[in-house]
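Chemist: Residue numbers (the working numbering), protein chains in the order written: chain A, 1 to 517; chain B, 1 to 554.
Since the hints were made in silico from the structure, they are not lab data.
Among these hints, one or two may not hold up.
[Claimed, not checked] Dumping the calculated BS3-like pairs for lysine-lysine here, alpha-carbon to alpha-carbon at most 30 Å:
(1) B:Lys298 with A:Lys158
(2) B:Lys165 with A:Lys353
(3) A:Lys123 with A:Lys162
(4) B:Lys510 with B:Lys298
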Amino acid sequence: MTDYDVIVVGGGHNGLVCSAYLAKSGRRVLVLEANDVPGGAASTREFSPGYSVSGCANWLYQLNPDVVKDLGLRLDYAAHDLDTIGLSPDGKHLTISGDVVTSDHLSAEDKAAFGPFQAKMVKFARLLNTAFKRRPPKLVENNIHDRMTLLKLGIDMKLLGKEDMQELLRLALINMYDVMQETFDDELLKSVLALEGVMGSHMGPRSPNTVFGYIYRRLGEVYGFHGPAQVKGGMGVVGTALASAATASGVEVRTGARVASINLKADSAQGVTLTDGTTLTATTVVSNADPKTTFEKLVGFRNIEAGTTRRVSNIRMKGNAAKLHLALDALPDFTGLSGDQLGQRLVIAPSMKYLENAFNHAKYGEFSQAPAMEISIPTVNDPDLAPSGKHVLSATIQFAPYELKAGWNDNKKLFEQICIDVLARYAPDIRSLITVSELLTPADLEAQYNMYGGHWHHGEISLDQIMMMRPFPGATQYATPVDNLYLCGAGAHPGGGVMGLAGRNAAREIIQRGKTA
Amino acid sequence: MAPCHAARCTYAEFNVMKKYDAIVIGAGHNGLTNGAYLAKAGLDVLVVERNAYIGGATVSRELYPDWKYSNCSYVCSLLRPEITRDLELPRHGLQVVPYGGGVTYMENGDHFANYNEHDRQLREISRLSVRDANAYERYEADVMKQTRLIRPFLMRTPPDPTSLKPRDLKELAVLAKAFTEMGETGLADTLRFWTMSIGDYLDEYFETDVLKAHLGGSGIIGTALGVYSPGTAYVLLHHYMGDVDGTVGAWGFARGGMGAVSGALAAAFQGYGGEIRCDANVDQIIVKNGRATGVALKDGTELYADNIVSNLDPKRTFLDIMDAGDLPADVVRKAENFKIRGSSGKLNIALDGLPTFHGMDPKSPLMMGDMHFSDSLERMERAYDDWKDDTWSKDPYLDMLIPSQIDPTMAPPGKHMMTVFVQYAPPKVNGRDWTSEDRDAFGKTVIDSIAKYSPDFKDLILHAEVRTPQDIENEVGLTEGNIFMGELTFDQLLFNRPFPGYAQYRGPVKGMYMCSSGSHPGGGVMAAPGANAAREILMDLKLTNTVPGGYADD
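If we strip away everything but chain B, and leave its shape as in the complex, we get (with noise of 0.2 Å):
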């Protein structure tokens, strides 16, 4: 079942004098988001996609015949419950189901098991550290504290701390209130949390290098950045503050692969009477008398609207499809500065057959979970240090999965397939572009680091899609490969993204705005940039809100 199908996109028979409410570029799933609740409060909504099939990132394509990769995005735990739940999408076909647990492969051929229960988990901690099993608790306690903190936040629109607008000062205070309610010593925690590295906040609970390492991933996913660099503490908080069916910080697969979610939304879409248009490039954005009037795609067809939502990144929103002339020069040095470099490169394995692992039993709950390789910081960090002398790291970090186990639908019966997301690689190696010759040499440096713990791993690969951020790049628009439309530090958060002043969607043009995840609050699949943006095009247009608020935390 190819995501396009299930989408309709049309193709020849268009009106082009027709004008729009709006048009969204991009079909991924914050645009399918954002055009799904302007449609619902009423508006004629087109959604312009440059491939002939919808989803961006959140796809499933059949790479090698009968089988499916969720090839970008592989996990769903992100997703708004809001969104979820409001626009029906379990109807239009989505079904996230929770996997549990997971593994730390060890050189020394242990291994450290993640199990979903928790008493299970302390005993496992205790086998290697009493001490580590007593501070995982709190450990848990005090990550989950933070999680809560912010999630109320993912569906708001960001204030502007520069502005003197009401309702900027009354966000302001919101925020405000939140943190002051934490009190002094919880609003330090806060603060030191954000600002400090994974690798030192592990260390100030725990001693066990491979315990440090399972949970220090979660920090680095997608990130230009090294376990102990500041900042990184943040990351594995955006990865903990999902949800699925309530379990907050629980992951899961969507049934069908990533291209699940994408086409719920979809049908969620046009059953609201929105259009899709696959194979239709957007050149520019049409500004006439500094208004956004249009656009104008590759093919020379020219499509109107009052307003024109891009769910492209900053980088190739302004610098690529909008004209430097019709932009402010600041928007024009702001974007170039936007830092967005890719670090991240995935493997989509089609198996033919369950590998089995040193030490691990096959029927073992933690084989369908997620599976690393990497077993102390130190590791994780000197794999960073590749990235930054511009090459691949030699001894990656990987998150692997073999979703199958649980998703029939992935793969032929008895067969598999595997998903491998690796940190890290550059956008560009040396720099210079990546050659087929780098590819290979960055597959087999992937393989050969999971056949380390696996005899028969190799000769069940029946196809191998190797992608780099220049793949990544070139098939899905993702400017320099980078999985969230723009590195989460914190001087591209929040009121800073994509640049400060324009943090709440609106772009520098009159009727033109940002709906991706190049806006608040970033990247993964949680369609919350492209809800909210919603929100704020609602409030220009003075329509009633379709957009729901987000749900508080028991």
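Chain A with its partners taken away, still in its complex shape (with noise of 0.2 Å):
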């Protein structure tokens, strides 16, 4: 008898959601999480003593509510359905709030373009919703579920209408700038959607693919977001309430547990060792880390073959965010904002070509000399994250790439005064305010959470890397070449993202197998 019937490596939500739907079904389970404290990604970093912020993910905004229902999950919101609001360098904001935007600048043109063109991404997600909660077929297909899948999918499409369906294959491959020169007039509009197609990712609004990226955002809608969601506490009580909710179905959740080593017996998975020496056995281990770091570092290239091996390699997963935290004495003066606005999602992208310079960089191991960025400052909805009065300042900031060319030890305060600059443009008395700074660059962040490459996504979710291809063939459906272990992370389909669906598709995938087993 084995030490549990599934060791889950990586206590990140999808981890979290893929335990409660295994012991829900009757399975022993553990979840082990080399933090302190579970949630991964989905995470409240105290970064100074007082001061909290989000420490990766800002905001909640594409949780699926079929894992909230199915957990049980209760969370607490400091604010949901936020607006976006675009910065403008002359303090005439834009301001999205839902399916509405507003400005100064804005045309009558644009102001009516923008509902029926959110419209119609969000309907293109909804069918990208279908392919997401199902595990994705095979891209040779024999298998008569994953043939229902395909023919949902299909009709599905053909429901769309004639006119969205060839709009849908057209869109899918295209790319952000040229979709946005289509539809509107707004240089600042244009760009603020285009920064949603390009964020976490190594694209520019160039690239094709990013229609992709900004359709993949919409799934918040198709979950009932009308905006994001800034979750009181931070983050990081996403983690802990789904560790409840594990605990509650019988999870077993360990935090302080690093795995060193999955362990095989004849291309079988059958247990962990950690850095302990601990060793725990299995039935089945579920990793829910990066493919990269579950086969090369855990498992280890030497025990898997070859072509498998170069298939990981192969992902791509360099992060080109980072992450700007600052402690303020005070609440900053934003040009042209009001106080209440300030607890909204800022973004800064003026423009679709600064978007595109800032990304320029990326391609040569640069920082942007100008990077966009998105911020949050919780403690206006949520002011128990800093001592009373002060505040905190949360921002991703693209693009900064995983590997600097010049180095990141001699160059990471460089970037964070270029960073403080930027927005010194929009708030011009932020220095002044600032008492603690950090800035956490890709390979930071895959220190803090073990991600490989700093990359949220686990593998960019560029059309190579998606549904019947992500991970790689052979790892599609959440099994993996080395029987009995699964993939149930971001890097498996869907993708990113704080959603659960990768949780609980591969949790059924393992499920159903069982009993036809």
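With the hints as a guide, bring the two chains together.
Modeler: Following this line, the structure appears as structure tokens:
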């Protein structure tokens, strides 16, 4: 008798979701998390005593409602359905509230075009959701279950109607720059939307695939979010809530337990060994870690065959997003913004050219000289994140390459200053308010959250790395070439973002296979 | 031998009351091909051409006394062998001589050689990296697998995936069968190949910068994308899927320059009774009661036919020579959104002798191949950044050849003709038209780039024609100077080309068709769009098909 039926390596949100579903099916499940708190990149980070921010993702905006219901998850929101405010250097900002956009610069045509555009993207996201809720079919399909998925997808596509279906086939592979040029006139509006297509990825607005990235983020609207939601206490609360739900289902969650290796016997997974030497056995091992960490570090390339090694090595997952955290003595004054607006999602991406130029640097192992940013001042809605009257600012910065040619050690401070300079253009008093600042590069995020490359999707969500090709053929339905080893994290279908579908789908796959075994 | 003489253009004595069966607008190579197949089926066909000479971008022009420039397209590979054989183009004077190999000169004084002979090539790569030499065999095999998959589809009309018509369902089944036969891994590799960037694809195989740069050039020729932009691996495929005499992927020179291709096509067309009229600039396609009935020329002449075939690019066709009132609103919008941005420039140079290159034996076979001067993918990507910034590349990627070494008809004895294809050059500079100062500066940038590697090049220059996308548009009618008549990205390929719903050569108006490179399978001197369109027209007219199907590769 093994120690457990299932060991889940990594207590990120997908691992916790997966473990809860498996425990509900009657299995004895253990989750092992290296950090001291569960949640992975859904984390709250106290970067200075008394000052906390969400360490990675700032907001929740696409948590799948089925997962919430099935696990009885209860989350306390400090704010929800936040607006997105595109900051303009002249102080005349642009506000997106649900499917309405307002600004002094906008033409009547742009205002009128926005709603239908978003509606179309959400329509496509709904189709994507059909694909995301189920395991992806294999490319060459023999299985009746998967044929049903393909059939359903095909029917849903046809149900889009001829015009929309043609449009989807055209848009699926195109870039945000061209679509924005076709649809809108206002440069700021185009750029704010284009940013959504490139967040977290190694792409610029002109890169093909970025419309797919945009549609991916519209899943939020499909799930009932009309803008990002801010969780009270920071994103780490999502982690602890999921851990509680898992524990309530019977899962044993162990934190501070780092897995050193996944052990194989005759090409079959049979357990893990921790860094403290403890060995634990299980019938099934599920890895919430990204595919590279899983196969290279934990399983070991020596133990799998060369083709799989090559495919894993070829997965592109170099992160490009940095995090900037500031402890502030008081609320900064952003030109043209009221106090209430400071609690919304603020974006610095004044034009698509700006965004494209910011991306150019990343291609050459340089950081952006004028980076784009997504800014949260969570203390506006949730004052407990800092001492009374003080504030914190958490910004996601694009683009900061994982490997800086000039070396991050010597240049981190420089880039941090560049980021603060950009902020200061919109909030002139911010420098005087900063008491503590920290910049986390993708390499730092990698170390923090054990995500290879610091890439929160565990691999680019580009068209050659999604669905039937994610993470690689032979491992696209959560099972891997190693028997009894499964993937349940963002590196599997459908991808990253705090969604919970990868974890759920993986659990279902394991349960399904258990039935037919 | 000017192309127009070979084509017997007719001028004034026109019986303007005569009605033709079909009028083809534009005597580019696809228009001539289309006309030939219609004429072969017995139709009375007229091809009208704006310029004084035929061929469009498939021309040889004497722009400097005694020299012949292939001043647009310059090498031949994609021309469908089915069409070459079927229209008997060699009998009409076409002779394509394969050239072999090439070289990329490096900034450190070395050069990377590309030899035709396989073993010699492996030794050359091993000189830089043994690992890459091994990977090269795998790379060639993998790319060849992709080219073989796609070749059969070049001479087939794309299916409409939104339609339930039996024909479309059948064609979709053909596509699906080809895919499923590859197996899961094979299909995954194919889908990855079609969606990846050539830079990422090459990074997976090789470690040597200059090797990747040499191979990566084919991924950006004529394309408004960089080597690291997704979709450029497909562009590479587009350049590998031709053949010369059955050798897949080979390129060659047409003897007499590329005008020999259009000259042979025109001769075949006229051999079937077709008529060509030059200096005939179409102003409008005449549409009456929702039917195309003829064309009106700018000089006021009207010519009539039941079938009007446009060989112009989709933007020009729908926004220039057709009235918005005659078209559905969605077609006008789609034509406006059709991406056709030029990204290429060209220099055609008459040389007083053969230039020498540092470290290169003048008698080396590499002199007769394609020459490049960008030795890293990074330099090529930075060249693309300049295009995005609305200016020409300061460190451009060049594809340079001296075809007169193999084809003596291009230049007087002992002298030479050099063709230089350049990436990147934008259709407008900083949002405004190119000025002659811009053009001169662009030309100088290119000449300086080559001169860095050749001590005597500049002194040998007798004449240089510098072509920007604007010049290409003005002379040949390719909107924004895009040489492929529309970017080769998947939102504009196959059933999306030129736009979804209009990818089967039929226009939005009864009796109106499209046969240009703006339709499947896209640009390059292929003649496939012209032929495929003819097949559709003959089907609509319920006439026997004269267009061959695709050859199967062995």
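Chemist: Each hint: holds or not?
Modeler: The hints, checked one at a time:
1. B:Lys298 with A:Lys158: violated (45 Å)
2. B:Lys165 with A:Lys353: violated (44 Å)
3. A:Lys123 with A:Lys162: holds (14 Å)
4. B:Lys510 with B:Lys298: holds (23 Å)
Violated hints for the displayed structure, listed by number in ascending order: 1 and 2.
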